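Chains A and B supply the protein sequences, listed in that same order.
The numbering of the first sequence is our numbering, which starts it at 10 and goes up by one.
The numbering of the second sequence is our numbering, which starts it at 197 and goes up by one.
Worth flagging that the hints you see were computed from the coordinates, not collected in a lab.
No experiment lies behind these values; they were computed from the predicted model shown.
Quick reminder that beta carbons are idealized off the backbone N, C-alpha and C, glycines included.
Careful: at least some of the hints might be erroneous.
Quick list of in silico lysine-lysine cross-link-like pairs, DSSO-like style, CA-CA up to 30 Å [claimed, not checked]: (1) 301(B) to 264(B); (2) 18(A) to 79(A); (3) 264(B) to 80(A); (4) 245(B) to 301(B); (5) 301(B) to 66(A); (6) 66(A) to 257(B); (7) 245(B) to 264(B); (8) 18(A) to 80(A); (9) 66(A) to 18(A); (10) 245(B) to 18(A); (11) 264(B) to 18(A); (12) 257(B) to 301(B); (13) 301(B) to 18(A); (14) 66(A) to 79(A); (15) 23(A) to 66(A); (16) 80(A) to 66(A); (17) 301(B) to 23(A); (18) 245(B) to 257(B).
Stretch-level coverage of chain B by chain A, calculated; a stretch enters the list once three of its residues show a Cβ under 8 Å from a Cβ in chain A [stated by the list, open to error]: (19) 242-254; (20) 295-305.
Pairwise CB distance ranges (calculated) [as the list claims (entries may be wrong)]: (21) 121(A) to 292(B): 37 to 43 Å; (22) 258(B) to 21(A): 26 to 32 Å; (23) 35(A) to 216(B): 34 to 40 Å; (24) 224(B) to 50(A): 36 to 42 Å; (25) 95(A) to 214(B): 20 to 26 Å; (26) 216(B) to 17(A): 36 to 42 Å.
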Amino acid sequence: NAGVTQTPKFRVLKTGQSMTLLCAQDMNHEYMYWYRQDPGMGLRLIHYSVGEGTTAKGEVPDGYNVSRLKKQNFLLGLESAAPSQTSVYFCASSYPTGYEQYFGPGTRLTVT
Amino acid sequence: AQSVTQPDIHITVSEGASLELRCNYSYGATPYLFWYVQSPGQGLQLLLKYFSGDTLVQGIKGFEAEFKRSQSSFNLRKPSVHWSDAAEYFCAVANQAGTALIFGKGTTLSVSS
Numbered sequence: 010n011a012g013v014t015q016t017p018k019f020r021v022l023k024t025g026q027s028m029t030l031l032c033a034q035d036m037n038h039e040y041m042y043w044y045r046q047d048p049g050m051g052l053r054l055i056h057y058s059v060g061e062g063t064t065a066k067g068e069v070p071d072g073y074n075v076s077r078l079k080k081q082n083f084l085l086g087l088e089s090a091a092p093s094q095t096s097v098y099f100c101a102s103s104y105p106t107g108y109e110q111y112f113g114p115g116t117r118l119t120v121t
Numbered sequence: 197a198q199s200v201t202q203p204d205i206h207i208t209v210s211e212g213a214s215l216e217l218r219c220n221y222s223y224g225a226t227p228y229l230f231w232y233v234q235s236p237g238q239g240l241q242l243l244l245k246y247f248s249g250d251t252l253v254q255g256i257k258g259f260e261a262e263f264k265r266s267q268s269s270f271n272l273r274k275p276s277v278h279w280s281d282a283a284e285y286f287c288a289v290a291n292q293a294g295t296a297l298i299f300g301k302g303t304t305l306s307v308s309s
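Let's have the full structure, built from the sequences with the hints guiding it.
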């Protein structure tokens, strides 16, 4: 039982490049989330999904896209990376209502 | 709008001393409140949660928190801090729709010997 896993753990991109972050969970959770964590800012919600095939915007969605083609996976895409997207990205999952979320170990992304 | 405030950015406590981390929330109805801990380079781990009932909740690692509606607070406490408690602590409240957690900006705890 791995819980929530994220790949990759680290990534360096040049401005304008694209990439996809993968989140996988094996707890059969309905809800999944992507957050970004920046120093002194806490965690801010980027996008979330309340079920397979559904996605919704969070607090800071600009510059990101997501997809939830399978219940266990939630992908976060950056189409054209910018230095402002340098951050640590966390994925989380939960049962419906989102009242108790389980977090992955994070992906540290640097955009130069 | 819902919000969470953690007034202390950084706290240093001596090993063996007691700890209290402050959290204030803004929410109209009965809040669902959480404390998470993040060790360096790690993800977030749930310490404890409050949904309803007893206002003093016990969590893992010897932590407890008390919900005080009159003060809109949910402070985290531990009677005796260990060096391994050095980490960043986040307070969070669930949004009304139950689709997200709203986090405070975190308090970094350092433990001195």
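Now the hints, each set against the structure:
1. This hinted pair checks out: residue 301(B) and residue 264(B) have alpha carbons roughly 20 Å apart, not beyond 30 Å.
2. Between the alpha carbons of residue 18(A) and residue 79(A) the distance comes to roughly 21 Å, so the proposed pair stays at or under 30 Å and holds.
3. Between residue 264(B) and residue 80(A), the direct Cα distance comes to roughly 38 Å. Violation of the 30 Å bound is thereby established for this hinted pair.
4. With a C-alpha separation of about 18 Å, the suggested pair residue 245(B) and residue 301(B) falls inside the 30 Å cut-off, and the hint holds.
5. A C-alpha spacing of about 21 Å is found between residue 301(B) and residue 66(A), which places the hinted pair at or below 30 Å, so the restraint holds.
6. Taking the CA atoms of residue 66(A) and residue 257(B), the gap is near 35 Å; set against the 30 Å cutoff, the hint is violated.
7. The hinted pair formed by residue 245(B) and residue 264(B) meets the criterion: a straight-line CA distance of about 14 Å does not exceed 30 Å.
8. The straight-line distance between the Cα atoms of residue 18(A) and residue 80(A) is roughly 22 Å, inside the 30 Å bound, and the hint therefore holds.
9. Of the supplied pair hints, the one linking residue 66(A) and residue 18(A) holds, its CA atoms being roughly 24 Å apart against a limit of 30 Å.
10. Taking the CA atoms of residue 245(B) and residue 18(A), the gap is near 28 Å; set against the 30 Å cutoff, the hint holds.
11. This hinted pair does not check out: residue 264(B) and residue 18(A) have alpha carbons roughly 39 Å apart, beyond 30 Å.
12. Taking the CA atoms of residue 257(B) and residue 301(B), the gap is near 22 Å; set against the 30 Å cutoff, the hint holds.
13. Simply put, residue 301(B) and residue 18(A) have alpha-carbon atoms about 23 Å apart, close enough for the 30 Å limit, and the pair holds.
14. Taken as a hint, the residue 66(A) and residue 79(A) pair is honoured in the structure, with Cα atoms around 18 Å apart against an allowance of 30 Å.
15. In summary, the hint linking residue 23(A) to residue 66(A) is supported, as the alpha carbons are separated by about 25 Å, within the 30 Å threshold.
16. For the given pair, residue 80(A) sits about 18 Å from residue 66(A) by alpha-carbon distance, which is consistent with the 30 Å threshold.
17. Restraint check: the Cα-Cα separation between residue 301(B) and residue 23(A) comes to about 28 Å, which is no more than 30 Å; the hinted pair holds.
18. Restraint check for residue 245(B) and residue 257(B): satisfied, since their Cα atoms lie roughly 14 Å apart, inside the 30 Å limit.
19. Coverage of the region 242-254 of chain B by chain A holds in this model, with 3 residues showing a Cβ closer than 8 Å to a Cβ of that chain against a need of three.
20. Given as covered by chain A, the region 295-305 of chain B passes the check, having 7 residues with a CB less than 8 Å from a CB of that chain where 3 are the minimum.
21. Between residue 121(A) and residue 292(B) the Cβ separation comes to about 40 Å, which falls inside the hinted range of 37 to 43 Å.
22. A beta carbon spacing of about 39 Å between residue 258(B) and residue 21(A) contradicts the range 26 to 32 Å that was offered as a hint.
23. In this structure the hint that residue 35(A) and residue 216(B) lie 34 to 40 Å apart at CB holds, the actual value being about 37 Å.
24. The given range of 36 to 42 Å is broken by residue 224(B) and residue 50(A), whose C-beta atoms sit roughly 24 Å from each other.
25. Checked against the given bound of 20 to 26 Å, the beta carbons of residue 95(A) and residue 214(B), roughly 38 Å apart, lie outside it.
26. For the pair residue 216(B) and residue 17(A), the beta carbons lie near 38 Å from each other, so the given range of 36 to 42 Å is met.
Going through the hint list in order, the structure does not satisfy hints 3, 6, 11, 22, 24, 25.
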